[in-house]
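These two chains come separately, so use the hints to put the complex back together.
Residue strings, one per chain:
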Amino acid sequence: MVRVLAVLNAVRRAVWRGQGSFLSIGTNNFLIFTAYFLRQTGTFLYLLLALLIFFPLSADPLRKVPAERLALWPLDRREWWILRILTPWLNPITWFLAAATAWAVHHVMTWQLLGIVAGLFVLSFVLSDLSGGVWEGLARRVPAFGGLLRELIRNNLRQMICTLDFWLALILSVGTTIYRIADRTAPPEAFLMMSMMIILALSSYAQCLFGLDGAAGLTRYRLLPLHGWQILLAKDAAFLLVTLALTLALNPLTGLAAALMVLAVGHEQSVKHIKPQVRWRFSTSASLGNGVVQVTALFIAGYGVTRTSVLLLIPCAAIYGISVWWFGRRL
Amino acid sequence: MISCRDLTCRYGEFVAVDRLSLEVAAGSICAFLGPNGAGKSTTVKMLTGLIAPTSGSATVAGLDVVRDSLEIKRRIGVLPENLGLFDDLTVDEHLYLTGDVYKLSRAETKDRSNQLLRALHLEHGRHTFASRCSHGMRKKTALAMALLANPKVLFLDEPLEAIDPVTAKTITDLLITLSQRGVTVFLTSHILAAVEQFATRVVLIKKGVVAWNSTIAEVPGSLEKLYFDLVEAPAAEDLAWLGSSQS
Chain A
1 MVRVLAVLNA VRRAVWRGQG SFLSIGTNNF LIFTAYFLRQ TGTFLYLLLA LLIFFPLSAD
61 PLRKVPAERL ALWPLDRREW WILRILTPWL NPITWFLAAA TAWAVHHVMT WQLLGIVAGL
121 FVLSFVLSDL SGGVWEGLAR RVPAFGGLLR ELIRNNLRQM ICTLDFWLAL ILSVGTTIYR
181 IADRTAPPEA FLMMSMMIIL ALSSYAQCLF GLDGAAGLTR YRLLPLHGWQ ILLAKDAAFL
241 LVTLALTLAL NPLTGLAAAL MVLAVGHEQS VKHIKPQVRW RFSTSASLGN GVVQVTALFI
301 AGYGVTRTSV LLLIPCAAIY GISVWWFGRR L
Chain B
332 MISCRDLTCR YGEFVAVDRL SLEVAAGSIC AFLGPNGAGK STTVKMLTGL IAPTSGSATV
392 AGLDVVRDSL EIKRRIGVLP ENLGLFDDLT VDEHLYLTGD VYKLSRAETK DRSNQLLRAL
452 HLEHGRHTFA SRCSHGMRKK TALAMALLAN PKVLFLDEPL EAIDPVTAKT ITDLLITLSQ
512 RGVTVFLTSH ILAAVEQFAT RVVLIKKGVV AWNSTIAEVP GSLEKLYFDL VEAPAAEDLA
572 WLGSSQS
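So the protein lines, in turn, are chains A and B.
Everything in the first sequence is counted per my numbering, starting at 1 for the first residue and increasing by one.
Everything in the second sequence is counted per my numbering, starting at 332 for the first residue and increasing by one.
Among the hints, erroneous ones may be present.
[As the list claims (entries may be wrong)] Taking beta-carbon pairs under 10 Å as the criterion, some of the chain B residues facing chain A (in silico):
{"no.": "1", "residue": "376"}
{"no.": "2", "residue": "402"}
{"no.": "3", "residue": "405"}
{"no.": "4", "residue": "416"}
{"no.": "5", "residue": "434"}
{"no.": "6", "residue": "443"}
{"no.": "7", "residue": "480"}
Hint data in this document are derived by calculation from the structure and do not stem from the laboratory.
Glycine included, C-beta positions come from ideal geometry on N, C-alpha and C.
This is chain B alone, in the form it adopts within the complex (with noise of 0.2 Å):
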């Protein structure tokens, strides 16, 4: 359903990702793991369209990413890094602009969307501005835009992030359930532990270099362990100044 082929993207001397090559199967969730700065947000924007590719290919749901951007975004659905909402939108607005943009009926984007809230904790903030939302409330409604057209492909950054637990929970059942039915899901994280739980996949980055690509059952040990040993150990810095008299 993903498929990359040295996927290439430089900022003039700076290589953010560096010959990506990964195949992520249909009905598989995909944990593309890696430090702030890895690459995983631009490859992220490759695979939607956001940016293009310096060189080698992608293609998503069959359809290469450069060539067929548009018909790509009609069966994807994305939460982008930075959310991709209106300030001066509210929650509910912005899900009949998708419903609208997808051709779904005002009938069918109600339902859905009332749906989607109730689902994300989400309803009593339904006609709250965009920029009166609070960090979770922003991207709650970014992920509802994401599923409300039913994509055949999910790309989510961070999705888990700024998150109540209960929301997560519901969102972590919902990507299952999801890719029971046949959709894929593309991920970025940073918390290894819920990521472990339900990923099918994983695929650690570093420095815009693949530095681990297995399924879930291949990782040896924890998948916390194995993030330590290959892309980045914690730092071991002594703040002694913390906790001492002095202020």
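Bound conformation, chain A alone (with noise of 0.2 Å):
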């Protein structure tokens, strides 16, 4: 029993520890300026946050094991068998689903409701030991484009569908674009807002652009024979493909106006505060002044593009141009 106490207590620290990256969704832009601007009108949009997280949170504890160094541990089956029912507990996603159980013994929670959270608890327990396949699977199919920077754009794609900010701004893409094929009628005003809902989902990326990199990856940049703005230059590529992407069935001239001020202001703070990201997370924005500046211009951009003149793209691409050549000597 004490070599299980012992494997315990390991596992209940790394997990403890990385429950703390689970908090980077506190300053990401989306939760912060919906929870300010639409309260309590933006349920919907909260729930979906929740459900996203809740997929890596739900995932096994005892994962934070290396499975080769969990083999060479001197376990017996009987201490194994102890482990693997209790590691779950050390999940608080497990005793959420046990208040949740208790709730609908005393009829607080409907069993339905009980059963799909179950259900997507056991779903997602069992998918974080699959979800490396999973994304290897997808990373693959990631094209490659033309010209000197392809292999690096296509690493910055694969760094943008590791976040969970793709993932909401693509179920807010999906969703919409949904919509907009079953309803005819709908006004373009909805598709311009939820255009502009898209790109602050991915704002929080652009503030921390190399984040995904590591240490070796930022040292392999800087042995690059490339100029600051070429890499930039890279990294913005995958994000503006992205949002032209998810955009363009809704209002790709406003995805691309709030993309490129969302880059062009985000570019200060990926480049001189490079703050670490961590995969199957929501970005972390490095600065809030600089997510209100991003906001704003996105917002204005985005705005200004579709009400007054498309000749306002001009502006905004001169802006992005000088951020990009400003911040990659910094590079």
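Okay, here's the thing in structure tokens:
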């Protein structure tokens, strides 16, 4: 039992340290600004955020121990089973499920809802073992585009799909596109707004473009015989491709203008304060001040292009170009 | 080909490299040796433009490491300490990335990549993501990237560690051939016996200061003895509990 307790203690420490990374949602532009502007009317969006975060949060805690290490420890069969049964209780979602079951017993919650939550939990728990393979399959399908920076852009696209920001934006995009197809009378303002919401969902990522590169990736960037602006351009190209794809069926020009402004403002934090990010989490905004400027610029550019003139894209592109040149020199 | 004059790097109060001066001629293999934390990797980082020296100057291929860093990067190949790989690219894609940024044609890159992967016994793992590669595979990938663009100067940070014996032999043979063709090699290593076989110059560094600098022929006795005498002797701790009946 001493061995089991020792392993449990190690897993508990690893799990609790890992939980801190989920707090990244607290500094994410999307949550901050929807909570500020929409308050209670944004319940659906908060549920969406909760659902997205639910998947990585439900991961099997025992996976924190490398499989080879676990196999090498002198644990007998009984001890292994005790570990298997106890480790899920290190996950706060398990306790939430236990509480939900108690609520269902006392009719505070319906059994159907409990079944859905429990089903999602079990699915996520099992999927956490398969997620590596799923991601790899997805990553291999990421296309390469031509030019000097093609492999860098591909790398950056793959990094983007490892963030929950991307999946949130994708859900918003797909949901709105389906709505557009289903309801031909839907007002165009809705698509303008949703295009900007998609860029808002990705805006925190634009503040930490190098957050998933790690020390090794940053070393490689410094060793490549490329100008700083070229490296930044490769990052931005991936971002712009994703935003363009997600807003294509809605309002792509609004999406493009907003994305250019979000990147132009976000470069400062991306380059000067590189903040490491964790995969399958929401991106952490490096600075609230920068986030406020980003969101203001996003809405001004987005509305401006749609309401006044498409020519507003020119100053947006110019500001973006200056930002790439200026912050590229600092890379 | 590589020249340093009073090269210094400070991290706050800590002096990582202290007034390092050395000359490495074209076509030589310079082994830069020392214990962990002696300043080897910091020196490599300064010479490859990864960090700026606090003071002093250095040139690589006749170019100043601070002023002409971009031009230097076009002429050198580097195996950095942390290997510098992207988790989200495969072995193959890393080589294509290198080919693209060094402006090699796709056909040329493919040709050279195939040869390098064969030479380094890495063909089987060419489609593996770097994040899934073993340390040895990652090191070979980074080495292949360093060689792909046919550099004039090679900086290799511990190229022989975590490498299987056959590939280690391939790498040492390759380095000897490169040196005979005029390529300058500057490497760090902890495997003294191997380095002694192919290095033409030896520089020992201790606490950021050069403790020995000569050609390999001028080393008195074995390199290992010189290292133990000048840099660091093995610890003589008696771990009495090891092998005892106590678990």
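Hints, one by one, checked against the model:
1. 376: holds, 9 Å
2. 402: For residue 402/B, the interface hint holds, since the closest Cβ of chain A sits about 8 Å away, which is under 10 Å.
3. 405: Interface hint status for residue 405/B: holds (4 Å vs cutoff 10 Å).
4. 416: Nearest chain A Cβ about 5 Å off; hint holds.
5. 434: Residue 434/B check passes; min Cβ-Cβ to chain A is 8 Å, inside 10 Å.
6. 443: violated, 15 Å
7. 480: With a minimum Cβ separation of about 9 Å from chain A (threshold 10 Å), the hint on residue 480/B holds.
Going down the numbered hints, you'll see the structure goes against just number 6.
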